[in-house]
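**Q** Given next are the chains, with one letter for each unit.
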Amino acid sequence: MTILSEQKAKELLTKVLKYSKADEIECNLNGSIGGNIRYARNTVSTAGEESDLVLAVQSTFGKKTGTATINEFDDASLEKVVRRSEELAKLAPENEEHMPLFGPQKYTTSKTYFESTANVTPENRAQAAEDSIVPSKKNKLVAAGFLEEFVTFSAIINNKGLFAYNQSTDVDFSVTVRTEDGKGSGWVTRNFSDYKLLDTAKASSIAIQKSIGSVDAKAMEPGKYTVILEPAASVGLLGNMVRNFAQRGADEGRSFLSYKLKEGEDAAKAPKNKLGQKMFDERVNIYTDPGHPIAPAAPFSRDGYPRNRTDWIKNGTVVNMPNSPYWAKKTGVAYVPRGGNIIMDGGNESLEEMIKSTRRGILVTRLWYIRSLDPQTLLYTGLTRDGTFYIEDGKIKYPIKNFRFNESPIVMLNNIEALGKPERIDGNMIPPMKIRDFTFSSLSDAV
Amino acid sequence: MERRDFIKIGGVGVGALMLPITGIAISAEQMLDKPMDVAYKKKLADIALNAAKAAGASYADARIGRYLNQFVTTRETRVDNIVNTESAGIGVRVITNGTWGFASTSNMTPDSVAKTAERAVAVAKANSKFQTVPVKLAPVKGVGDVSWQTPIKKNAMEVPIKDKADLLLTANAAAMGNGANYITSMLFLVNEQKYFASTDGSYIDQDVHRLWAPFYATGIGKNGFKQRNGLGNPVGMGFEYLDGLEKDKIKITGANVGYNNSYDLVEDAAAAGKQLKAKLKAKSVEPGKYDLVLDPAHLMLTIHESVGHPLELDRVLGYEANYAGTSFATLDKWKSGKFQYGSDRVNLFADKTQPYSLGNVAYDDEGVKTKDWDLVKDGILVNYQATRDQVHMIDQNESHGCSYSQSWRDVQFQRMPNVSLKPNEQDISAEDVIKDVENGIYIAGRGSFSIDQQRYNFQFGGQLFYEIKDGKITDQIEDVAYQSNTQEFWNSCTQMAGKSDYRVGGSFFDGKGQPSQVSAVSHGCPTTRFNNINVINTARNV
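Sequence order for the protein chains is A and B. Just so it is clear: in the first sequence, position 78 is 78 by the numbering used here, and no numbers are missing. Numbering-wise, the numbering used here comes out as the position in the second sequence, counting from 1, plus 447.
There could be a bad hint or two in this list.
Listed next, the in silico PhoX-like pairs over lysine-lysine satisfying Cα-Cα at most 20 Å (straight line) [claimed, not checked]: (1) K63/A <-> K609/B; (2) K224/A <-> K397/A; (3) K576/B <-> K138/A; (4) K90/A <-> K609/B.
Chain A residues, not near chain B, derived (Cβ > 12 Å throughout) [what the hints assert, rightly or not]: (5) K10; (6) P104; (7) E115; (8) N159; (9) F163; (10) K202; (11) I212; (12) G213; (13) G291; (14) G332; (15) L351; (16) R360.
I should point out that these hints are in silico values taken from the structure, not numbers from a laboratory. Quantities reported herein were computed from a predicted structural model and do not represent experimental measurements. Every residue gets a Cβ at the ideal spot worked out from N, C-alpha and C, and that includes glycine.
Given the sequences, and given the hints that come with them, work out the whole structure.
**A** Spelled out as structure tokens, the structure:
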């Protein structure tokens with residue numbers, strides 16, 4: 001069994017601590033069990049069940065630290081992994097950036113675990129796939145999809161009294177529905193903690209509709225357009241931006257959040273980063289919140305430090321940047337761990353209402369193959385995919401050929417026309433966004 | 448695929464993982480147990496195969512894996528992180544009622560192994576109710592008990608950690624002493640000890656080694672910062688790759704040093720420092736059409752994206768439609784026998800047999816002996832990359848040996864073999880290729896890369912860009928990316944260097960499949976010229 005209860009995990013980890021001869025020991029125990037089904041060409045291709053349990057032990061003498069991992073759990077293996085980490089620690093030089101372990105912490109609770117997801121069977125998965133395939137077949141379309149659900153747990157213990165435990169469940173579903181001649185393609189994705197919320201037939205109907213609607217796409221000239229980005233389209237750019245939020249890189253001058261000296265300004269007196277600067281439209285509020293009711297996350301980070309709701313951007317202004325305990329101490333600020341989710345506030349408009357209020361624009365289902373072009377401007381490139389439509393006078397007029405974009409989320413979040421109702425996507429909450437002057441640089445023949 | 452996935456694969460959970468190193472040597476091997484006895488692996492595999500057959504499987508294979516990774520990360524003057532990971536387990540794949548099923552476990556007691564095989568059969572049975580086309584396998588004759596090892600000279604896992612840390616820190620000092628403000632350097636070592644057994648009668652024990660030593664240097668100027676990554680390649684070699692032998696260096700006058708079968712990390716880091724200073728002062732490219740001369744450490748990635756992926760048969764058939772995508776290189780184009788993928792100079796071949804390459808093994812992960820074959824011959828599309836269950840769909844009865852799984856935990860499926868561009872039969876040099884270019888750009892090293900889901904439209908950057916004027920490399924320039932269409936691009940190929948310039952580069956973390964898996968794959972090529980390609984400027988004010 002690779003999922004241990006809180007009590008069993010604590011018993012095992014307490015046993016590991018007893019083998020320790022180090023000044024400090026920290027253990028992370030991570031287990032997972034899950035199943036998946038994959039289908040293509042309207043039939044099942046691969047399916048399986050996977051499980052694993054991994055123990056990582058970090059031992060420290062003074063400021064000398066060593067780490068080893070193992071996935072075997074008899075007493076001899078547990079003692080062996082502790083001894084290995086201690087041997088490495090004794091050989092290590094002092095690390096000037098070593099920080100002491102945290103003592104006992106208090107955590108908020110997150111509703112991340114759902115029994116319905118833990119109880120999914122191979123038959124459930126097969127049926128969910130069938131529910132997606134049958135309507136595609138009926139419409140003479142070809143479905144390729146993937147459903148995966150898993151239970152994970154994470155436990156942390158150290159010899160300074162810290163113990164943290166969290167169990168969570170996740171369900172991911174996506175399907176691409178293509179026309180038999182390959183001239184149309186639609187896609188949809190769903191992500192929940194609770195398997196009960198998943199309806200693969202209902203979700204697939206959106207992909208079917210987009211597939212049929214995207215046949216015989218017209219070519220439009222590349223250029224700057226007003227776009228409506230569905231949450232699945234903007235999450236990649238936003239995720240890249242949030243991953244680049246880091247105080248140290250900003251302070252060191254190698255980030256889009258590094259402070260730019262004004263003409264004649266004294267570098268010694270100037271701030272190092274853009275904390276407190278208004279960089280985005282004032283409607284932009286992005287934060288992390290482990291207790292979010294729809295997209296919850298574990299209430300502690302991987303070092304056992306509590307995660308609480310933390311604003312990154314408030315009313316368009318950068319208000320926090322994640323750092324490390326070392327960098328926080330060095331620069332005299334509080335330690336801010338990375339978040340486990342991205343929550344972006346939006347409005348109340350549905351996607352349909354946003355389309356209705358658009359005179360001319362382009363609806364983008366998703367963006368694909370996003371890659372960085374310039375880390376100092378956060379310029380990214382990538383392509384639209386699986387449902388790109390021209391909107392005129394509040395209606396979808398016709399499908400258009402896919403574009404390559406070259407755009408920065410900084411520009412995007414300054415060019416907001418409207419924000420819709422946020423939806424859960426990849427464990428985050430992202431609103432559909434209407435953005436003006438989004439830059440498309442070339443056309444793609446891909447369908 | 449990003450480095451964080453490597454950490455995820457390693458299953459490392461500790462938050463800080465800080466591990467600097469002293470002068471005392473310790474080898475990874477000292478910290479690890481002896482490999483599992485082959486006879487015991489065979490016994491376990493037979494338990495899995497027999498349990499699967501007893502539960503109703505018509506075919507079964509078992510992969511017992513022990514995966515050792517080590518990664519060393521340094522930053523400027525200190526070692527940030529040294530992690531050794533070890534993961535062992537068994538994955539069992541079965542066909543029951545004409546349907547695939549798979550299950551895996553890290554618990555390798557005989558009882559657990561038998562139960563895992565039964566779970567795989569249960570999964571297959573559940574899915575077979577909805578299966579419409581039964582799985583059809585190309586025949587493979589059992590090979591009995593065989594073994595193979597990557598031909599390494601120095602097992603990197605046995606090299607003292609101190610030597611590894613010293614090498615990386617020396618490289619960091621070289622970069623910073625020559626103009627870099629910051630540098631992160633790393634060493635990734637992989638050892639896959641994998642045992643394959645199938646109901647066809649094969650028992651294959653393979654010991655696979657791979658190594659990569661990338662670095663990422665940053666230079667900061669008055670108006671921002673620039674980055675220069677290392678030009679070394681990930682390889683299927685031991686620590687001897689880092690010997691930096693002079694015979695393996697190809698010097699391009701006015702530009703970079705290219706590395707063949709060994710890499711001088713410290714020299715490249717020093718060059719990176721100097722080139723960063725030049726990058727911070729370099730002029731921004733004038734957008735327009737240029738003749739491009741692409742060095743092998745750059746072109747390998749263009750081959751990977753625009754030839755390797757579109758010729759994966761599972762993509763062509765639609766099995767990857769929901770993730771990586773499909774392909775413009777459809778079966779009708781292949782069947783015509785006339786599809787001009789590239790100019791008649793273009794010969795692209797696939798293999799899993801090139802020495803030093805990342806894909807090099809004797810048998811793939813479904814027991815097929817590896818080989819080499821043509822994909823594009825004299826510019827014409829002639830074949831794809833396939834596995835046992837797909838090759839009959841292109842009317843062939845022999846698998847290409849392209850099955851791979853990243854670990855015992857995950858199911859094997861079609862992955863890219865090495866895909867390489869044949870050199871010019873005339874053994875001309877890279878500088879011979881450059882000397883005929885009037886107005887062009889020479890690009891070295893892999894940079895940003897992006898391509899659509901059918902592999903038509905792509906955009907690639909690089910690490911180093913130089914103007915070519917009247918046959919000579921002149922100024923270093925910046926903000927270069929080229930946009931093209933795969934077929935147009937390969938048809939614009941007009942010249943390439945010969946075998947003396949041929950070098951093998953690769954991708955250590957190529958991502959594909961659902962759940963996503965990584966694989967490592969190499970691409971060999973010489974310095975090559977492409978005419979009249981659209982170059983854009985990537986600088987932007989925000």
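**Q** Each hint needs a verdict: does it hold in this structure or not?
**A** Hints, verified against the model:
1. K63/A <-> K609/B: Given pair K63/A, K609/B holds - Cα atoms ~18 Å apart, limit 20 Å.
2. K224/A <-> K397/A: holds, 19 Å
3. K576/B <-> K138/A: The hint holds at about 18 Å.
4. K90/A <-> K609/B: holds, 14 Å
5. K10: Its Cβ never comes within 12 Å of chain B, the nearest being 16 Å, so this holds.
6. P104: It holds; P104/A is separated from chain B by about 16 Å at its closest Cβ, greater than 12 Å.
7. E115: Label holds. Min Cβ-Cβ 21 Å, cutoff 12 Å.
8. N159: For N159/A, whose nearest Cβ neighbour in chain B is about 14 Å away, the distance exceeds 12 Å, so it holds.
9. F163: holds, 14 Å
10. K202: holds, 18 Å
11. I212: For I212/A, whose nearest Cβ neighbour in chain B is about 16 Å away, the distance exceeds 12 Å, so it holds.
12. G213: holds, 18 Å
13. G291: G291/A clear of chain B: closest Cβ-Cβ about 21 Å, beyond 12 Å.
14. G332: Its Cβ never comes within 12 Å of chain B, the nearest being 21 Å, so this holds.
15. L351: Nearest chain B Cβ is 22 Å from L351/A, so the label holds.
16. R360: holds, 24 Å
No hint from the list above goes unmet by this structure.
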